[in-house]
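Chain by chain, the residues:
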Amino acid sequence: MTDRETADIRGSIEQLAAGDADRRAEAAERLCRAGSSAAQAAVPLVRACADDDDRVREWSVAALEELGPAPSGVLPQLSELAASGHPLVAYWATTLLGRSGHDAAKAVPILVKSLESAGDAAVAQRAAWALGKIGPAAAGARAALEKVAGGADPRLARLAREALDAIGT
Amino acid sequence: MCPANPDTVLRPRLSAGPARRRRILCLLAVCLLAICLPWLAAPAALGQPLPAGGPVGKPWDAVLIASFNIQVFGESKMAKAHVVEVLARVVRNFDIVAIQEVRAKSDDIIPSFVRAVNADGSRYHYVIGPRLGRTVSKEQYTFIYDTNRIEVDATSIGTVPNPGDRLHRPPLHVRFRTRINPPQMAFTFWLVDIHTDPDEVPQEIDALADVFSSMLTLRPDEDDVIVLGDLNAGPPQFGRFKKMPNAGWAISNATTNTHRTKTYDNLIFDTTTTREYLGRSGVLDLQSTYGLTLDQALQVSDHNPVWAAFYPCEAQNLPGPQATTGIALAPR
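Sequence lines, in order, name chains Z and B.
First residue of the first sequence: 1, per my numbering; consecutive thereafter.
First residue of the second sequence: 1001, per my numbering; consecutive thereafter.
In isolation and in its complexed conformation, chain B is listed as follows (with noise of 0.2 Å):
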């Protein structure tokens, strides 16, 4: 069974007997409550809940991955305090956040931005992956999380492999798990980070269709795979994924850039296998949840950053009903 929820564990029962045997008690409740912490906290206590409109501050009973393009990530927009106060204030409010269009020179980018994020104690880390792309201007992928409450797999990160090339930036991979306990029971799952070329988007939307169906027998004890990212469609336009019969996505009928123009950004997972999804997702609008105009916004990114909230156990340890229940899937 999943681990209890707060309302247990912190107000364990004691039963009348020996002092000594009340003493043991209370000693295992306080571990456990220890072990359990970074779970059971107030939202309050794990990161800056959001005004409404937004994803809620960090729960105990679901894990939230973001992707956000953050258009040209590099020294002009480090170098803009207020824009990275903004995003600081975006990332804290995920467990993870798939990042695409890091583009600098200088690898001092994303260690400075984490030490940003991580200014008022929270203790995010990262991974990048290469610069990618056909001439010299060149892209990269990164993942940033809260190590509080997700692991990485160091062995699981990597580029996907492009015969053919494609794919004008391909994917950055890895694997991670939810930091619970007992860790047999945590989520574990494939991010895929993706961020096409918007004048071929129908051919790398096909590419990107094998790539999924790839990664999801890349591993046999790992069938929870999602790509996520910038992929300059919206789902009208999703190809091969259409005609999966599991492939689900997390964003429908809303706009995902920062003009609230278009829909580009999104998370697709296999709604059979990943039944972790909750049915929870949704697009962090820049200018309403931060009170900034257009021009300021834009200043941010271009794109607004979108979400899906998870459960933190693997389906096969959810409570029967609950596992189905909940998993309210985008419409095709």
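This is chain Z alone, in the form it adopts within the complex (with noise of 0.2 Å):
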């Protein structure tokens, strides 16, 4: 990446902040357009999942669609909002520990909290993936992923066997 674009995604970060929804949904719009070399982006984008507006929050999660894993420095980060009481910021934050895979392990014992609580079924079972993503480095989520293994929601079920699969014994 030049140093340019690197400029370039500083100042859409900044500007994702911008008081102005306007100048905001450009920046997340600008990040989504810079694909994977916006990955910097990461923890911003997550937040901006929370935006009041439509187009932010769409450009945001289409930029962390594209966006590839996050770098192992803003882990800890995400892991915060892996808990957000916002099920789109969790859901975002628990896909990117997932991408993440063995780094993420330290994000374990956050991702069973979602795995056991009664909250966002897509976050719930995005927990559960990205369990299997981290593998044998979540072997404390194997008591929790065993009883989400046979309960009614059936992706939940089978993403709980495929992450105790992954795990292993």
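Calculated from the structure, these hints are not laboratory results.
If you're wondering where the values come from, they're calculated on a predicted model, not measured in any experiment.
The C-beta atom is built at its ideal place from N, Cα and C for all residues, glycine as well.
It is possible that part of the hints are untrue.
Cβ-Cβ distance ranges computed for the label pairs, FRET-style [what the hints assert, rightly or not]:
| no. | chain 1 | residue 1 | chain 2 | residue 2 | range |
| --- | --- | --- | --- | --- | --- |
| 1 | B | 1106 | Z | 73 | 34 to 42 Å |
| 2 | Z | 109 | B | 1288 | 49 to 57 Å |
| 3 | Z | 101 | B | 1162 | 25 to 33 Å |
| 4 | Z | 117 | B | 1197 | 19 to 27 Å |
| 5 | Z | 72 | B | 1260 | 26 to 34 Å |
| 6 | B | 1201 | Z | 23 | 33 to 41 Å |
| 7 | Z | 121 | B | 1108 | 28 to 36 Å |
| 8 | B | 1184 | Z | 52 | 54 to 62 Å |
| 9 | Z | 21 | B | 1220 | 47 to 55 Å |
| 10 | Z | 73 | B | 1162 | 49 to 57 Å |
| 11 | Z | 73 | B | 1218 | 48 to 56 Å |
Could you use the hints to bring the two separately framed chains together as a complex?
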């Protein structure tokens, strides 16, 4: 990435916190167009999933879909956001943790809480998925995964079983 | 036999004889021409032909089916006139465009866009599916089609059942038919529009393989199923599709994203039942086709449209050897 592209991304990250919704939407759209080059914007984009403006949220979600894994340095912040009470924020923070695989091992306790809470189903499913991506380092989640593997949510049950397979014995 | 080529219809032979017989024959020729006109007119009359490098303007002997992920197709994009103009020009090149990533709270995005497409006198219409997705961020699938050349079976529109919730955004299926005379010779086919979840691609490809197999036997009178869309995968990642002996796909060895780095978009079909495939396919590169910079093209979408050409008549109506020539499958 060129210096200019790096500066553009930094500028867009700052603009994502602007007071004006139009400017925030423009920033989210620019970050979306940057694709995986915008990885350093992972945390601001996840936070932007709680924006009041539809356009900001939609462009932020689209950017996160294309982002790939987040830099390892922001994983602690993403772990905090994975416990957010805003489902879309928690969902995407959890997704980025899962994309980091083994590197996100410290997030296991928070992911277990997402699994065990009676909160958003999509967040719980993503938590099970992320634990599978973390693999053997998520052994501490085994009991929680075994519990939901026999539950009524077919997708959650399947993801939990897959995670248990990935964690191994 | 499939409708005659333009030369035969445009220049019918008139035998010598009474003036009355000549007038009747002339009238019949004019009527036949009027009925077949959408398929017989010069390409330039049916849509704006692309510059070299993209698919040709609509031919009389092929139906062009495309798939296009228009990234975050909603209010922001529709507010940019230059973007809408490019999108409209893209659509006009094809008989049907399967679109993914309609993301809007408003129900007027696609109707407004189709009005833009039809601003040049075209007659496109659309079918749109429900809002789908496991979070509050939803997407819709839509098909935009040229009503001069394509008909929709209105009873066929639906979302593929998704037992076990294996697909984040279950595909939209619609059955189409080419507008050709006689209608019993028309090419009919299912289109199944899909946008997989980029974080669960292998699992969703596996589920799509089941969808494909089910759709092939859904109706005893319909053996043509084309799964098309943003698979977030290229042929090497096609999982169970690669193990199906007759599955083929239109795009190989070509990138389909605007950055020209990935192959994510495709059209998949059964090569033994969908013999209508003409072996012609491609990627409409937004930058080179419309003279756009990378950033301008990305404002349109992070995907390029992909397309494939099919014969407008059912394969059993193709004259013998022609039914098998020209079908060049993408290598596995």
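The hints, checked one at a time:
Checked against the hint of 34 to 42 Å, the C-beta distance between residue 1106(B) and residue 73(Z) comes to roughly 39 Å, which is consistent with it. Checked against the hint of 49 to 57 Å, the pair residue 109(Z) and residue 1288(B) passes, with Cβ atoms roughly 51 Å apart. Our hint of 25 to 33 Å for residue 101(Z) and residue 1162(B) holds, since their Cβ atoms are close to 27 Å apart. Distance hint check for residue 117(Z) and residue 1197(B): the Cβ-Cβ separation is about 23 Å, which falls inside the suggested range of 19 to 27 Å.
Checked against the hint of 26 to 34 Å, the C-beta distance between residue 72(Z) and residue 1260(B) comes to roughly 29 Å, which is consistent with it. At roughly 34 Å, the beta-carbon separation of residue 1201(B) and residue 23(Z) lies within the given 33 to 41 Å, and the hint holds. Roughly 31 Å separates the CB atoms of residue 121(Z) and residue 1108(B), a value that falls within the hinted 28 to 36 Å. Between residue 1184(B) and residue 52(Z) the beta carbons are some 56 Å apart, a value that agrees with the proposed interval 54 to 62 Å.
Here the CB-CB span from residue 21(Z) to residue 1220(B) is close to 54 Å, well matched to the stated 47 to 55 Å. The supplied range of 49 to 57 Å is broken by residue 73(Z) and residue 1162(B), whose beta-carbon atoms lie about 38 Å from each other. Remark: the range hint 48 to 56 Å for residue 73(Z) to residue 1218(B) is upheld by a beta-carbon distance near 50 Å.
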